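Student: Chains X and B, in that order, give the protein sequences. Counting from 232, one number per residue, gives the positions in the first sequence under the numbering used here. Counting from 232, one number per residue, gives the positions in the second sequence under the numbering used here.
Rather than coming from a laboratory, the hints here were simulated on the basis of the structure. Each hint should be verified, as a subset may be incorrect.
What the hints assert, rightly or not - What follows is a list of derived Cβ distance ranges for each label pair:
#1 B:G283 - X:E267: 51 to 61 angstroms
#2 X:A256 - B:P471: 54 to 64 angstroms
#3 X:S252 - B:E281: 31 to 41 angstroms
#4 B:H392 - X:E267: 41 to 51 angstroms
Claimed, not checked - Under 8 angstroms between C-beta atoms, here's a sample of chain X residues computed to sit facing chain B:
#5 E370
#6 I376
#7 M421
The structure presented is a predicted model; accordingly, all values stated were derived computationally and were not measured. Where a beta carbon is used, it is the ideal one built from N, C-alpha and C, also for glycine.
There are 2 protein chains.
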Amino acid sequence: MRLTQEQTDRYHEDGFLLLESLFSADETAVLGAAFERDAAVPGPQRVVEEDGERVRAVYASHQRQPEYAGLIRDPRLLVPAHQLLAEDVYLYQLKINAKPAFGGEKWAWHQDYAAWRIADNLPAPRQVNVAIFLDDVDEFNGPVIFLPGSHRSGLVQSGRHATRSEQHLDPDDISLTPEQLAGLVAERGMVSPKGPAGSVVLFSSEIVHGSAPNMSPSPRRLAIMTYNSTANLPSWPGEPRPEYVVGRDTEPLVPLAAGFLDALEGALV
Amino acid sequence: MRLTQEQTDRYHEDGFLLLESLFSADETAVLGAAFERDAAVPGPQRVVEEDGERVRAVYASHQRQPEYAGLIRDPRLLVPAHQLLAEDVYLYQLKINAKPAFGGEKWAWHQDYAAWRIADNLPAPRQVNVAIFLDDVDEFNGPVIFLPGSHRSGLVQSGRHATRSEQHLDPDDISLTPEQLAGLVAERGMVSPKGPAGSVVLFSSEIVHGSAPNMSPSPRRLAIMTYNSTANLPSWPGEPRPEYVVGRDTEPLVPLAAGFLDALEGALV
Chain X
232 MRLTQEQTDR
242 YHEDGFLLLE
252 SLFSADETAV
262 LGAAFERDAA
272 VPGPQRVVEE
282 DGERVRAVYA
292 SHQRQPEYAG
302 LIRDPRLLVP
312 AHQLLAEDVY
322 LYQLKINAKP
332 AFGGEKWAWH
342 QDYAAWRIAD
352 NLPAPRQVNV
362 AIFLDDVDEF
372 NGPVIFLPGS
382 HRSGLVQSGR
392 HATRSEQHLD
402 PDDISLTPEQ
412 LAGLVAERGM
422 VSPKGPAGSV
432 VLFSSEIVHG
442 SAPNMSPSPR
452 RLAIMTYNST
462 ANLPSWPGEP
472 RPEYVVGRDT
482 EPLVPLAAGF
492 LDALEGALV
Chain B
232 MRLTQEQTDR
242 YHEDGFLLLE
252 SLFSADETAV
262 LGAAFERDAA
272 VPGPQRVVEE
282 DGERVRAVYA
292 SHQRQPEYAG
302 LIRDPRLLVP
312 AHQLLAEDVY
322 LYQLKINAKP
332 AFGGEKWAWH
342 QDYAAWRIAD
352 NLPAPRQVNV
362 AIFLDDVDEF
372 NGPVIFLPGS
382 HRSGLVQSGR
392 HATRSEQHLD
402 PDDISLTPEQ
412 LAGLVAERGM
422 VSPKGPAGSV
432 VLFSSEIVHG
442 SAPNMSPSPR
452 RLAIMTYNST
462 ANLPSWPGEP
472 RPEYVVGRDT
482 EPLVPLAAGF
492 LDALEGALV
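Work the whole structure out from these sequences, hints included.
Tutor: Here you go:
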């Protein structure tokens with residue numbers, strides 16, 4: 232599917248775009264089940280909540296689960312990513328934030344590109360995030376909140392001031408100060424896109440965003456694919472970050488002919 | 232002001248009732264300023280957030296601030312309280328939850344009466360809470376969330392299982408389990424009343440409620456007066472709880488002739 236001119240304009244204006252019910256209930260159920268399988272795989276790609284038990288996020292499910300290996304080439308994700316970046320793209324990162332029922336903790340206000348510049352020397356913010364709702368999202372289960380247009384302010388907070396996790400660069404480590412946020416909110420307001428499972432939010436790697444804890448009995452699982460321009464590769468003076476947080480396959484991705492579920496069923500025949 | 236039959240019916244059905252903009256902007260500003268003054272008074276009536284610095288709640292402001300001494304007799308609060316309990320009432324407790332910008336922490340899902348039965352041997356749930364919004368309340372600054380009708384389930388969680396604070400009985404200490412909550416939410420859903428500063432929510436001491444942290448740059452200060460039937464007094468086998476958490480003046484309250492601000496200005500002339 233291609234975005235309309237109005238949709239691409241709105242993305243560039245606001246820094247995000249909601250596409251309601253882009254994936255079917257069947258597809259979303261398949262992705263949810265594949266995530267649950269993957270969340271049970273031990274390893275450093277699995278980040279737990281502060282309680283030390285429940286899964287907070289899992290990285291690189293496409294390396295272990297065929298559903299996600301297909302999903303990253305799904306034309307409903309790749310075609311818009313090509314349109315918005317106007318360049319060839321590859322998968323820089325795939326993570327699934329679990330935000331479990333009653334207590335999935337908040338994610339601090341941050342800009343993704345701040346983390347990626349610090350950790351991976353990523354030269355420019357030429358990324359687009361594509362987030363798929365694996366559950367219905369409402370005001371109670373910790374929806375992502377965006378400050379519309381804040382991607383046009385450049386990097387507000389460029390330094391790292393904490394180390395919450397050894398496994399990944401957590402938003403807490405690069406969170407904006409209350410003063411920075413108050414100024415941006417006064418100017419931009421706040422918006423939290425909601426919708427049924429299968430909805431998709433495209434968002435800039437520079438937009439300021441965060442989310443509250445989950446107060447409800449419904450989980451709020453969100454699969455986020457980050458596509459980066461193939462002309463904008465990371466580099467490391469020393470040891471690179473592990474492959475589960477930074478994709479090494481930088482070949483341009485080519486869209487599947489149809490949705491990931493068709494491709495998967497074809498492969499299983 | 233008297234509630235209509237429809238309003239009292241809805242209160243008894245849902246366990247809460249929102250009255251938008253019951254107090255004027257002037258009145259709300261006066262109450263907000265009086266709270267800020269009171270929040271600076273050191274003492275055990277002042278509960279701080281986990282950061283040890285910011286104020287989480289202040290008790291019994293009516294004992295120190297004339298605005299709140301008048302407010303508890305304001306006919307806009309007392310007349311509905313009389314109507315809903317159909318008994319003479321006195322002030323059992325007054326607290327102001329500060330929920331400061333960016334980080335006022337969540338309040339666990341709980342029923343107030345569970346706390347009061349445990350701590351004060353309060354014989355029956357013959358209380359009504361009257362909460363005044365001292366700030367605009369939206370989806371981002373941690374609104375109170377109710378499970379409509381849950382007050383009709385009686386006490387779901389009757390024991391105390393933790394001690395978060397030595398100063399007061401914190402909702403964390405009597406929070407419902409995820410299983411209890413999931414059952415109630417499936418049956419009742421969730422609602423979070425929002426509105427401009429000066430709005431009022433009346434709610435039952437048995438309704439299950441909680442709130443998320445404040446993600447926004449706006450505080451969410453909420454003044455809560457709890458009226459109890461004068462025929463339903465607390466008692467203690469040993470030492471009673473301090474007066475700042477349990478009012479000792481159990482004389483029936485008589486409404487002022489006009490709003491608290493008029494009475495206050497009269498007193499100042």
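Student: If a hint holds in the structure, say so; if it doesn't, say that too.
Tutor: How the hints compare with the structure:
1. B:G283 - X:E267: 51 to 61 angstroms: At roughly 39 angstroms between Cβ atoms, E267 (chain X) and G283 (chain B) fall outside 51 to 61 angstroms, so the hint is violated.
2. X:A256 - B:P471: 54 to 64 angstroms: holds (57 angstroms)
3. X:S252 - B:E281: 31 to 41 angstroms: holds (39 angstroms)
4. B:H392 - X:E267: 41 to 51 angstroms: violated (30 angstroms)
5. E370: Constraint on E370 (chain X) satisfied, holds at 5 angstroms.
6. I376: At 6 angstroms from the nearest chain B Cβ, I376 (chain X) passes the 8 angstroms test, so the hint holds.
7. M421: holds (5 angstroms)
In this structure, the earlier hints numbered 1, 4 are contradicted, and the remaining ones agree with it.
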